[in-house]
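Hey, can you piece these two chains together into the complex? The hints should help.
Heads up: the protein sequence lines correspond to chains A and B, in order. Under this note's numbering, read the first sequence as residues 1 to 516, first letter to last. Under this note's numbering, read the second sequence as residues 1 to 307, first letter to last.
FYI, nobody ran anything at the bench for these hints, they're computed from the structure. Quick caveat, the model's predicted, so the values are computed rather than measured. All C-beta atoms in this analysis are idealised placements derived from N, C-alpha and C, irrespective of residue type, glycine included. Don't take every hint at face value.
[Claimed, not checked] Short, incomplete list of chain B residues facing chain A, as computed with Cβ under 10 angstroms: (1) Gln-48; (2) Leu-53; (3) Val-97.
[Said to hold, decoys possible] Sample of chain B residues with no beta-carbon within 12 angstroms of chain A, all distances over it, derived: (4) Asp-8; (5) Thr-28; (6) Gly-59; (7) Ser-115; (8) Ala-192; (9) Ala-214; (10) Met-244; (11) Met-269; (12) Arg-272; (13) Thr-280; (14) Ser-285.
[Said to hold, decoys possible] A few chain B residues facing chain A, derived, Cβ under 8 angstroms: (15) Arg-54; (16) Tyr-55; (17) Arg-87; (18) Trp-243.
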Amino acid sequence: MTWSAQVWHVFRKDLVTRWTGILFFAVMLLVSMTDVVSAVETPWAAFSSIALPGAFAGIVIGAIATDQPARSDVFWATQPLRPDAVATAKLLYVLLIVLIAMTSTVVALRYFHVGTAALITAVGGRLWLVLCYAIPVAHLATISIDRLDPNGRRARIVVLMLVLLAVVVATIGRAEPVMQVIRALPTALYVLAFLGGVALFVRSYQLRERSPFVSGASIVCSLLMLASMVASTTPDRAAPVAAAAPVTVDSASVAFTALRDSNTGSMRVTLNHADVQAGMLYRLATGTLTVVMRDGSRMSMLLGSRWMSVRPGGPRQAPGIALAGADSTARAPREPTVFDEIRLLPPAFERLRQDSVSRLLLDWTLETHQLHEVARFPLRDTLPHRDNGAEVQCISGEAKVDGRGLEIEVNVRWLPLVLPSSWWDRTEAMGRSVFALHDGSAMTLTPLVARSFHSGKGTPDQFGRRVASAGYTLRVDTAFGANPDTDLASVATSQMVVAVPRLRTTRRFHAEFGMP
Amino acid sequence: MNAIEVQDLSYRYRRTVDALHGITMTVTAGAIHGLIGPNGAGKSTLLQCCAGLRYATTGRVLLSGHDARRVDPISTHALGYLSEAIRLPPKMTLAQVERFIAPLHPRWDAALAASLRTSFGLDASRTCGTLSRGEHMKAAMLCALAPRPTLLLMDEPFTGMDVLVKDEIVRGLLAGALETGTTILIASHDLAELETIIDHVTILGRGRLLASGAMEALRERYRRVTVVAGPAAIGAPVTEASWMGVERAGRRLSFMADATHTSLRAEVMQQRFPDAEQITIEEPSLRELFATLARDAERHTALETSA
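Chain B extracted, bound-state conformation (with noise of 0.2 angstroms):
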């Protein structure tokens, strides 16, 4: 069962600005799902249609096989959002926000608020317009946590955390995950900690799918080569259309291309560096495959513009 399902999803802003093209795309039930692209790629306005604070342009989000612009889907489906650019009410204090919001879930969980509070260091007397951004996002968190949502949307909840809470909101979310299956949809440039806890991904590029599904599928698709080039530097037109992340450094030569592309077979690549004193294929890392994936998407719009 999926909890989340994304079928063909365009967005337009302000009937001229193409926030989403097609996005077609899958979030299971149970499954903490990263969410990643660079600035700009569609990330907010996908999670907010998937949340119903959007509706699409065309093409629908399925929540539990329910259109979600049929239902509410934060009533309907225990649906918690946590954005940065969400602002709890400034008048408030944050005793208040909670006493004003625990009636509305009926699964709140006032011991997991009492927890949440304490190690974020928060004092509940002071008024949200005085809280700094790291706290802010802090008491937004406990608003989203604490009423043990069944689906939980994020969009760069660690904006403004140190280390060590971020570190302990990983850690929490991943044992809140295991212990009630909470599913989580994670938007985030923070890739280093979105790659400890996350288990599914999908990359937007300027509002494309770029790709998307088990981080280990992906891992497996995609291979990183590092080729050491002989005394005799390695030449200029060495590349294939393929290959993507071409970099350069000396005698160093790497790219990214799909695992089973026929140019990465040892054979071929014996040929077509024959000189090599080193030749690594290897699984990228999510910051390599964001990184490759996402400047191929830029390079691949850019020669579209141009054209």
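Excised from the complex, chain A in its bound form (with noise of 0.2 angstroms):
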């Protein structure tokens, strides 16, 4: 048989008896692409992130020590194989599982109509990553090849081990000092240490024994490629973007910054309000984000809500509700600035591109809601009203009341409620339950709790055609927002409050994020 047969011969084993492994690794690559091209950061990112890496050395690992390089009792070394060939077999299935892993990247890439130039860097950088991880993964197994058994009982835990040791590269590459370092090496230098890596894992098959000159230099090799995908991945700290100067709208001041934090390839723009009025309701509408590539390729995406993460406690909303005959002031949660924060969700969509990102254009629209009483009825009621075409029910819960708070449970149905903005999300129909205390002033609740919440979301019409819902759990917590003078007690025995935003402004912002 010929070295290139011998070499076909062995790689197609290893594809044959390794099929369940590189389809479990190809699964776990279609569950991270869900997070790639997802909008939003899924459950699973996090075990993704950490699982792929563990399938991807498993597999490998696992292939190797099957066919241990070390010759004086491995089944390979007995049959008329060439030790090159065998090696070169490996190195092919490695190759094989990196090309897997960067079909996903490409898949993704295009998702993004991303533009062929920046495919090309996107992709060429990827592949230098992934490599400088299979390599030393290839490495790891040659070299402690004493200490692996072909069951590859053993391989399991030094696919743990080598986790451990990615969280631990990973977590001392973010060190500033160790980071200076590692940028300070010549980039030759990452070169001529994956290709001695290679040379250096055949060379280790045509050996009789293990030696320690070899595993040294495999090491020294591995530690190098190691750190060349630390400075690859983490190429600056977290620092602001840009800055632009406050605008006010409806006598409310919004101000804009922007953060990217390299470590996540996130960016997060928060807009900050001051001075909002009471009774308002400040609300990103749309927005439309467009990455600008380096080679003048431009993609656009829309920004829904989903893109939006609004921290809990700090509802885009101002405190209080203009009530006839109440002051609001007086009865206000305790911190009054809002803010809307968006946050740039493609962590490992702008990942895949590193460097190939030049800027990132922002436009969004900003409204401004004016409250608007619809119904006013008792807890522990159910009374339909109509406003505006608008029919409201209330269905109040049990009211309970305990050393420390309130707790009601409360069911709003509108049938059918035109919205005046596209989105429904749940903080709008928080911020429409209010309570009106006996003494005749109001109270806005924030819900610690909501439970069975149904909602739609969609254009006015659509979402006019719908019934919608909200039943959830509202708890009045003496800690929390409510005042600490306010009668528990009392409030099972007040009016409940729904009140319905509408539009008053529209106002268009446009911002533009150089990368660093």
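Take a look at the structure:
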């Protein structure tokens, strides 16, 4: 059998016997892909970030452990196989796994309509990163071969150790002094380490026993390759990207700040509202993010509400609601500052691009709404109320008072309610839930627990044909927002007020952020 | 023509442990050559050096006149190697293993493989990782025999096998060797089994060569002497330095010595044991030969160490 035929023979054998592991890895990739292309961070994002390199290491180490390089008691060595053919087959196997990983990267980038030039840059960078991980993994398998067994039981321990090592390396890698050393190393050294690493891998298959020199040199090459990987993935520390001048919208001052976290690749744009008016609702309506690549190509994506995350306890609503004859100021929550935060969440997607992104252009619309009372009724009551063609029903449940606060279960239905905005989310429903206390004052409540929440989203026309309902538990906690002087027992006998926001102002903004 | 020629071979593990010291031996082509010795004698290391799985520290191994270090013995000389330490790929079924190695061997005998599989009672659909120790050894033997090697090195091939299978293998090996002229170098602790098939033997002890040659020649070379003393027990200072494996039990004394040694001559024996009721001089069995030579080597090593 010729050398090339032997390479193909061993390679094919590995594919046939390890297809379940490869399939598992592909599934893991698919799962991680959903995280990449998804607009929001998926629950399994953290899991796949560990499981994916773990699965990668598992199938590579497993294949190498089966046909170990040390030659005294390995099966392949008792067969007429050339050691360099076996080593080449193993390298091909590693490359195949790398290519599978790269395919997902290419698909993700095509999904984001990345131009060809930027695609080549991004794929090249990613390929280098994956190889800088793959070759040390292969080396780990060869140099620790005395501690591996063909059944792979100990190999799993090695995989676990590798993941822990990666965590340690990543943690250390973020330390600035270490990063300075890593960045100071010339790129040529990394390339030499890579080439040397491949040569040492092939060499280790030709030896009859483990060589301390080859093992030591392999460790040095592996560390250099890992350093290159760390240097590539942590280019800069988080730094402010840009800050636009504050603008005034309906007497409220809105300031923009943007912060890019290079470690995660995410960007946070925060809109800080100051001097907000009582009874006003400030909300981001729509937004467009345009990513400009270094080759000039650009892509845009619509920012919906899913792109926004609201910090708990900071509703995008002015404190209090202007109610007839009510003094809302005295009962206002203690934190009058409200803010919006847009978390540009392509962490994986931006990481894929590495340095391919040149600028980010952000266009969005800020709306202000005036809240208008549309219904007022006592709790423990069902009261249909019509306002502007919308029927509102409030069905209250039990109110329980304990030492620290009051808990009321409330169900509200709007039949049908045409909202003046495009988006319907939980915070809007919450914003309309206001209690009028028995003394005539009002108190905005922030539900701590929302249950059975249901809402729709879409254009106003679409939404207008739906029935929206919200069921949640309202908890008035003396430690959270409620006036400590409030007689909690009296809340149970208070009235429920439902207010509907009406559009007052629409302002469009534009900001541009250059990538550091 | 010698199939294997070992010339002054020494091997040192990790530069500290001497496994073999200046071994020189030959394995005649077509012979079934036994390699015996206690644990740690260096049998496996010697076999691995012959198979090219280890390189000698000094000395060399010639396979059909070619240095094993310069050619790949397994490819070049159709060498089969079987060891209890070898682990078949655990994730592969036996059928997959056969499919994998068959194309690598030009003389692969599919019929023999099928026949061995049947006689060993092996299920080809089972993965090697699930086989018991005995089954694993049988599968490994199948993989070593089916390529019809011209030179077969076997390291403890009977491990984990029952008597019936052992018997089958022994008969199979003999038949195969006779039919194809395969040279077999076999290391085993199963001396009873080995004695029935080998025609040559090499005995190792603590990495040194104790004896090597044709079985008949070795038996001819040594003699087992048994002396039954008369009513007066045998006195204490009756041994000679050339006697090996001296054992006393009541009035009975036995030892082994070189057949050519003058002390074994009848008149000398008569002089030494004048009151003996019976003196028997016979050829030793392989087991006796091995045990005596190995113990003697141990004794010498201990003396050297204490000195």
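Hints, one by one, checked against the model:
no.	hint	result
1	Gln-48	holds (6 angstroms)
2	Leu-53	holds (5 angstroms)
3	Val-97	holds (8 angstroms)
4	Asp-8	holds (19 angstroms)
5	Thr-28	holds (23 angstroms)
6	Gly-59	holds (15 angstroms)
7	Ser-115	holds (21 angstroms)
8	Ala-192	holds (27 angstroms)
9	Ala-214	holds (29 angstroms)
10	Met-244	holds (34 angstroms)
11	Met-269	holds (49 angstroms)
12	Arg-272	holds (50 angstroms)
13	Thr-280	holds (45 angstroms)
14	Ser-285	holds (32 angstroms)
15	Arg-54	holds (5 angstroms)
16	Tyr-55	holds (5 angstroms)
17	Arg-87	holds (5 angstroms)
18	Trp-243	violated (39 angstroms)
The structure shown violates just one earlier hint, number 18.
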